[in-house]
Amino acid sequence: NAGVTQTPKFRVLKTGQSMTLLCAQDMNHEYMYWYRQDPGMGLRLIHYSVGEGTTAKGEVPDGYNVSRLKKQNFLLGLESAAPSQTSVYFCASSYAGYGYTFGSGTRLTVV
Amino acid sequence: DQQVKQNSPSLSVQEGRISILNCDYTNSMFDYFLWYKKYPAEGPTFLISISSIKDKNEDGRFTVFLNKSAKHLSLHIVPSQPGDSAVYFCALQGGSEKLVFGKGTKLTVNP
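Here the protein sequences come in this chain order: A and B. Sequential numbering from 86 applies to the first sequence in this note's numbering. Sequential numbering from 9 applies to the second sequence in this note's numbering.
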């Protein structure tokens, strides 16, 4: 049972480039989340989804877009990467807001 | 304003002694309190939780205490082991689908 899988694990982008981070879960969870973790800042919620086809903004949504076309997948997009988006990104899923399971993270560096 | 505060960025204890990690919160509407543990290069994993109707919950070496009047949550680890060295996040839930995380405390248990 894989749980939550994030792809890719590492990426280096140039300023202005775009990319998509993929999160896949096999637990049939309704809710999925994208967080970023920065030194001294803890985990901050970027966007989340409470079901297929729905998305909502979290604490730090600017510069990111998301899509939840399939229940098991939650995509995080950066349209024009900036150095301030250098971070570790974590995806999580939960059953109705309880029992969060996190992926192992994507380390993104924007130069 | 920060809803969840972990005021100690780091804590160092000797193996076999007690580790006490603290968390303060501002919003009385939180009704479910959790601790997550995070090793480097891994996602956070659930450790222990407590609901607002309780003041203590134990699971082996880990005990979580909740003082609602003081809006204070603590995690006790006894005896501490070198494998407990990690970053610990408190997370609070208040009737919504989202968790609010503290900034984390890095625990180092010295052999």
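Since the hints were made in silico from the structure, they are not lab data. Hints should not be assumed to be uniformly reliable.
[To be verified] For lysine to aspartate or glutamate, the following EDC-like pairs were computed, each having C-alpha atoms within a straight-line distance of at most 16 Å:
| no. | chain 1 | residue 1 | chain 2 | residue 2 |
| --- | --- | --- | --- | --- |
| 1 | A | LYS155 | A | GLU144 |
| 2 | B | LYS79 | B | ASP63 |
| 3 | A | LYS99 | A | GLU164 |
| 4 | B | LYS64 | B | ASP39 |
| 5 | A | LYS94 | B | GLU50 |
| 6 | B | LYS13 | B | ASP32 |
| 7 | A | LYS142 | B | ASP63 |
| 8 | B | LYS114 | B | GLU50 |
| 9 | B | LYS106 | A | GLU144 |
| 10 | B | LYS106 | A | GLU115 |
| 11 | A | LYS156 | A | ASP111 |
| 12 | B | LYS114 | A | ASP123 |
| 13 | A | LYS156 | A | GLU115 |
[To be verified] Anything over 10 Å on all C-beta distances counts as not near chain B; from chain A, calculated:
| no. | residue |
| --- | --- |
| 14 | LEU98 |
| 15 | SER103 |
| 16 | MET112 |
| 17 | SER179 |
| 18 | THR194 |
[Said to hold, decoys possible] Distance ranges between label pairs, derived from CB positions:
| no. | chain 1 | residue 1 | chain 2 | residue 2 | range |
| --- | --- | --- | --- | --- | --- |
| 19 | A | LEU107 | B | LYS79 | 34 to 40 Å |
| 20 | A | PRO124 | B | ALA78 | 27 to 33 Å |
| 21 | B | SER77 | A | ALA87 | 28 to 34 Å |
| 22 | B | ARG69 | A | ASP147 | 16 to 22 Å |
| 23 | B | LYS114 | A | MET104 | 26 to 32 Å |
The beta carbon of each residue, even a glycine, is placed where N, CA and C say it ideally should be.
Now for the hints, and whether the structure bears them out:
1. Proximity of LYS155 (chain A) to GLU144 (chain A) is assessed by CA-CA distance (about 24 Å); at most 16 Å being required, the pair is judged violated.
2. About 11 Å separates the Cα atoms of LYS79 (chain B) and ASP63 (chain B), which keeps this hinted pair within 16 Å; it holds.
3. At roughly 12 Å between alpha-carbon atoms, LYS99 (chain A) and GLU164 (chain A) fall within 16 Å of each other, so this suggested pair holds.
4. As the CA atoms of LYS64 (chain B) and ASP39 (chain B) are separated by approximately 14 Å, the hinted pair is consistent with the 16 Å bound.
5. Of the supplied pair hints, the one linking LYS94 (chain A) and GLU50 (chain B) holds, its CA atoms being roughly 11 Å apart against a limit of 16 Å.
6. Note on LYS13 (chain B) and ASP32 (chain B): the hinted pairing holds, with a Cα-Cα distance of about 5 Å set against a maximum of 16 Å.
7. Taking the CA atoms of LYS142 (chain A) and ASP63 (chain B), the gap is near 33 Å; set against the 16 Å cutoff, the hint is violated.
8. Between the alpha carbons of LYS114 (chain B) and GLU50 (chain B) the distance comes to roughly 14 Å, so the proposed pair stays at or under 16 Å and holds.
9. Restraint check for LYS106 (chain B) and GLU144 (chain A): the C-alpha separation of about 11 Å stays at or below 16 Å, so the hint holds.
10. Restraint check: the Cα-Cα separation between LYS106 (chain B) and GLU115 (chain A) comes to about 13 Å, which is no more than 16 Å; the hinted pair holds.
11. Between LYS156 (chain A) and ASP111 (chain A) the alpha-carbon distance is near 9 Å, which keeps this suggested pair within the 16 Å criterion.
12. Pair hint LYS114 (chain B) plus ASP123 (chain A) holds up; C-alpha atoms about 14 Å apart against a cutoff of 16 Å.
13. Restraint check for LYS156 (chain A) and GLU115 (chain A): the C-alpha separation of about 7 Å stays at or below 16 Å, so the hint holds.
14. The claim that LEU98 (chain A) is not at the interface with chain B holds, since no C-beta of that chain comes within 10 Å of its own (minimum 20 Å).
15. No beta-carbon of chain B is positioned within 10 Å of the beta-carbon of SER103 (chain A); the least distance is around 25 Å.
16. Distance to chain B confirms MET112 (chain A) as a non-interface residue, since its nearest Cβ pair spans about 13 Å, more than 10 Å.
17. For SER179 (chain A), the non-interface assignment is contradicted: its Cβ lies about 8 Å from the closest Cβ of chain B, within the 10 Å cut-off.
18. For THR194 (chain A), the non-interface assignment is confirmed: its Cβ lies about 15 Å from the closest Cβ of chain B, beyond the 10 Å cut-off.
19. At about 38 Å, the CB distance of LEU107 (chain A) to LYS79 (chain B) agrees with the hint of 34 to 40 Å.
20. The hinted range of 27 to 33 Å is satisfied by PRO124 (chain A) and ALA78 (chain B), whose Cβ atoms lie roughly 29 Å apart.
21. Checking the proposed 28 to 34 Å range against SER77 (chain B) and ALA87 (chain A) shows it is violated: the Cβ atoms sit about 43 Å from each other.
22. Between ARG69 (chain B) and ASP147 (chain A) the beta carbon distance is about 41 Å. The supplied range of 16 to 22 Å is therefore violated.
23. Distance hint check: the CB atoms of LYS114 (chain B) and MET104 (chain A) are about 30 Å apart, consistent with the given range 26 to 32 Å.
Figure legend: structure checked against the earlier numbered hints; hints not met, in rising order: 1, 7, 17, 21 and 22.
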